[in-house]
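Single-letter residue listing:
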Amino acid sequence: MPGFLFDVKVLELADEKGEFCGKLLAGAGAEVLKVEPPGGNATRSLGPFYHDEDDPERSLYFWHYNFGKRGVTLDIHAPEGTALLKKLIAECDVLLDALPLDTLEKLGLDWDALQQLNPRLIYACITPFGRSGPWRDYKANDLVHLALGGPMMCCGYDPKADGSYDTPPIAPQMWHAYHITGNQTFIAIVGALIGRETHGNGDMIEMAVHQAVSVCTEIDVPNWIYNQTACYRQTGRHAQPAVGPDVQFPTQDGRYSIILPNPFPGGYETLVDFLDSKGQAADLKSEAYQDAADRRGRAFATHFAEVQAGCVAAFDMEEIWRDAQSLGIPWSPIRKPEENLDDRQWQMRKTFCEVDHPELDESLTYIGAPMLPHEVEWRTGPRAPLIGEHNDEVYAGQLGLDADEMARLRERKII
Amino acid sequence: MADLTWLLAGAGGPRLLASLGAEILRVEWRERLDFLRYMPPFAPTKKDEHAQAGAMELSSLSKDSVQSVNRGGYFNDINAGKKGLSLNMGHPKGRELFKRIVAVSDVVVEAFTAETMRKWGLGYEQLKEIKPDIIYIQQPGWGYKGPYVKFASYGPIAQAVSGLTEQSGLPSPHPPAGWGYSYMDWSGAYYCALTMLCAIYYKKRTGKGQYIDCSQVEPGIYMTGTALLDALINKRPSQRTGNRSPNTPAAPHGAYRCQGDDRWIAIAVTSDEEWRALVRVMGQPDWTRDARFDSLAARIINQDALDRLVTDWTTDKDPFALQQDLQRAGVPAGVCQTAQDRIERDPQLRHLEWLIPLPHSEIGTWPVKDVPFHFATATVNQGGPTERAAPCYGEDSDYVYGELLQLSQAERDALVEEGVI
Chain V
1 MPGFLFDVKV LELADEKGEF CGKLLAGAGA EVLKVEPPGG NATRSLGPFY HDEDDPERSL
61 YFWHYNFGKR GVTLDIHAPE GTALLKKLIA ECDVLLDALP LDTLEKLGLD WDALQQLNPR
121 LIYACITPFG RSGPWRDYKA NDLVHLALGG PMMCCGYDPK ADGSYDTPPI APQMWHAYHI
181 TGNQTFIAIV GALIGRETHG NGDMIEMAVH QAVSVCTEID VPNWIYNQTA CYRQTGRHAQ
241 PAVGPDVQFP TQDGRYSIIL PNPFPGGYET LVDFLDSKGQ AADLKSEAYQ DAADRRGRAF
301 ATHFAEVQAG CVAAFDMEEI WRDAQSLGIP WSPIRKPEEN LDDRQWQMRK TFCEVDHPEL
361 DESLTYIGAP MLPHEVEWRT GPRAPLIGEH NDEVYAGQLG LDADEMARLR ERKII
Chain H
1 MADLTWLLAG AGGPRLLASL GAEILRVEWR ERLDFLRYMP PFAPTKKDEH AQAGAMELSS
61 LSKDSVQSVN RGGYFNDINA GKKGLSLNMG HPKGRELFKR IVAVSDVVVE AFTAETMRKW
121 GLGYEQLKEI KPDIIYIQQP GWGYKGPYVK FASYGPIAQA VSGLTEQSGL PSPHPPAGWG
181 YSYMDWSGAY YCALTMLCAI YYKKRTGKGQ YIDCSQVEPG IYMTGTALLD ALINKRPSQR
241 TGNRSPNTPA APHGAYRCQG DDRWIAIAVT SDEEWRALVR VMGQPDWTRD ARFDSLAARI
301 INQDALDRLV TDWTTDKDPF ALQQDLQRAG VPAGVCQTAQ DRIERDPQLR HLEWLIPLPH
361 SEIGTWPVKD VPFHFATATV NQGGPTERAA PCYGEDSDYV YGELLQLSQA ERDALVEEGV
421 I
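Order-wise, the sequence lines are chains V and H.
Every letter in the first sequence is one number past the one before it in the numbering used here, and letter 189, counting from 1, is 189.
Every letter in the second sequence is one number past the one before it in the numbering used here, and letter 125, counting from 1, is 125.
Hint data in this document are derived by calculation from the structure and do not stem from the laboratory.
Which residues of chain V face chain H? A partial, calculated answer using Cβ under 7 Å: (1) Tyr138; (2) Met153; (3) Ile170; (4) Gly191; (5) Met204; (6) Ser214; (7) Val215; (8) Glu218; (9) Val221; (10) Arg233; (11) Ile334; (12) Lys336; (13) Pro337; (14) His374.
In silico SDA-like pairs for lysine to any residue, Cα to Cα no more than 25 Å straight-line: (15) H:Lys235 to V:Glu354; (16) H:Lys317 to V:Asp137; (17) V:Lys9 to V:Gln398; (18) V:Lys139 to H:Val281; (19) H:Lys150 to V:Arg322; (20) V:Lys278 to V:Phe304; (21) V:Lys139 to H:Asp325; (22) H:Lys150 to V:Glu319; (23) H:Lys150 to V:Phe264; (24) V:Lys160 to H:Asp307; (25) V:Lys350 to V:Asp361; (26) H:Lys119 to V:Gly267; (27) V:Lys413 to V:His390; (28) H:Lys145 to V:Leu260; (29) H:Lys99 to H:Glu115; (30) H:Lys63 to V:Thr270; (31) V:Lys160 to H:Gln259; (32) V:Lys139 to H:Leu309; (33) H:Lys203 to V:Thr198; (34) V:Lys285 to V:Thr251.
All C-beta atoms, glycine included, are put in the ideal place defined by N, C-alpha and C.
Modelling step: build the complete structure from the supplied sequences, incorporating the hints.
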């Protein structure tokens, strides 16, 4: 089956700011060609590594974020390299640029020049802070973006009883600044592709990681806009104007569960019956709490949370949540990523896939698709390209360079 | 687009399509309103009046406790650019009316619990009969295929099960810190939007509609791929590393306390060059010449000591001045900004016009978060075709039933009488 974007060609010039977007485009069926400098992209030096071998062909980071793409090497700064880059740009639908600020402009490839090369081109340019503005030259990484953009001040641990914090705000790890950016850039690119179907023209998309991250927090911004009220971070739950009831409790096996209330009518009664069925309702079935009016206020909320905590503590993490969920009670385990592999839900949906690494004579398990389409296929392979793996296919096959030219470009380290 | 979603994970997807110009018909019924319509913060009715700030507890919210269901600030942001109509899907005539809406729609998107649409006779097969090239997106928590079809999911659940919560926080024995907001609601919204857009593109190219099961949990799993590979290949179970760089050598790398109440600056030094720049900004104190810190590898081994020394230096500094000094010297650094910082102080966000004023028919004009993408040619902003923030309840019913579906005034009056619209 073809993918959603079966006839779209993408040229990717990207570091970690843009590789996730390219991965999504490949997953959605586009043919993504990744251009790396001779010797390989800098993101090949990001760990972790296959069997901890620090080698540009062994970066698990690179493998995850680049599978489904083809790859060529090209020194775009050498005049001959720039000329080849122009040929590639002329043949693609989307140019995904997450190179350091102004790189293409310095090569004479500003938006006007790109349009002349390819009037139907959709040019997506990702920068840390924007192509203009007082912070345009600021340096950042994932941590700094999550700080400036707001997520960090929402994430962390409860304050002490006096309201002060003895722990720092926390940046959730895993390159989320770039996930957030990649998701939203993808939306803009496909929007532009749809627009092109109507009017025939390309467009340029500017995306600043800082703005993408800044719009990805939740109630902190409206609370300030409407009430000038600050939100305070608290363990495992929403940052909000006051400390709310706990939702994260330790389980018998030393792990944690998330316990949310069922907000629908009858939710409380269902939950108490469930606790009772597990022998964990404590005194909640007693007369004292039969009337909803007796269940208002902080004291009851605290008691109710303690009873639920007691229930969770009597079971292992994976032992109880399914029974709760089957009654509409929103509980869940706090899993490590690898613990999802054993879950039947994802096995049935083929969320994970096997990807061949022929040069290792091994097949490895990857995360395959973020959704389940029925009429098209989400691309789940092949593995990330080796350095310059598709040079022959692209330069000789597609652009028609002869063997002599190829040899010369290799010798001069243009490719 | 017929929008049968609610909260953020569902309603956020159509929001993004509104920003790109799609006409979104948000279907609501007064007996089962979106919680966000009565969740604080609310727009004040009088100038200078602020609502009581309290903890957010979904279970204690009630539409009877608010004076109007049109004043929620959060709802206003999440539904900006949409049209709103009232329609009782629980009424047989309501479902007949909905079919007429489907007939003039490209996309139907819903986030009901399992089987609801099919029970109503509005499953994909039926929708296709009404509109053969319809795009039908279901956005369930865990997915419609699989044993958990009836399980509920909210942002915190999707984060917890996918592995994102476990990966956020200080190392054990600290518990996970998790996410201080529903990150997977936003991510759910992104995947809902990108799925719809992909399907629209596919339809433009092939003429074919389709059905997509777009769960909220799987995009979370999708973002944990590197940790999965590390665990499987290197037999190294995922572990939290606080604010330290988990996979790329970097030190110092963390949030450091500054002057003021709960003020912190993030500093990330990934190379010797950045380290030398930091040392210069710190005024070259003696300890920086210590062998414990003379290479990146040494600094990583001695991170505990390094973090204490850096904190000693930052503790009495103004975080914003420090950010400027460090950035000027080439050190990646940034204040852990609050919402107030981003709204009132951040010059870059102001330059990018990240908040745009949009009119609302009841509460007046308020800032709404714009989408972060800027186009050279296309006009894109969160007001969308309505040039308005969120709809009041039923605000566009007359447009939908009168103009779009061409029902006469008498027909509409009868439907109101029967409790259908």
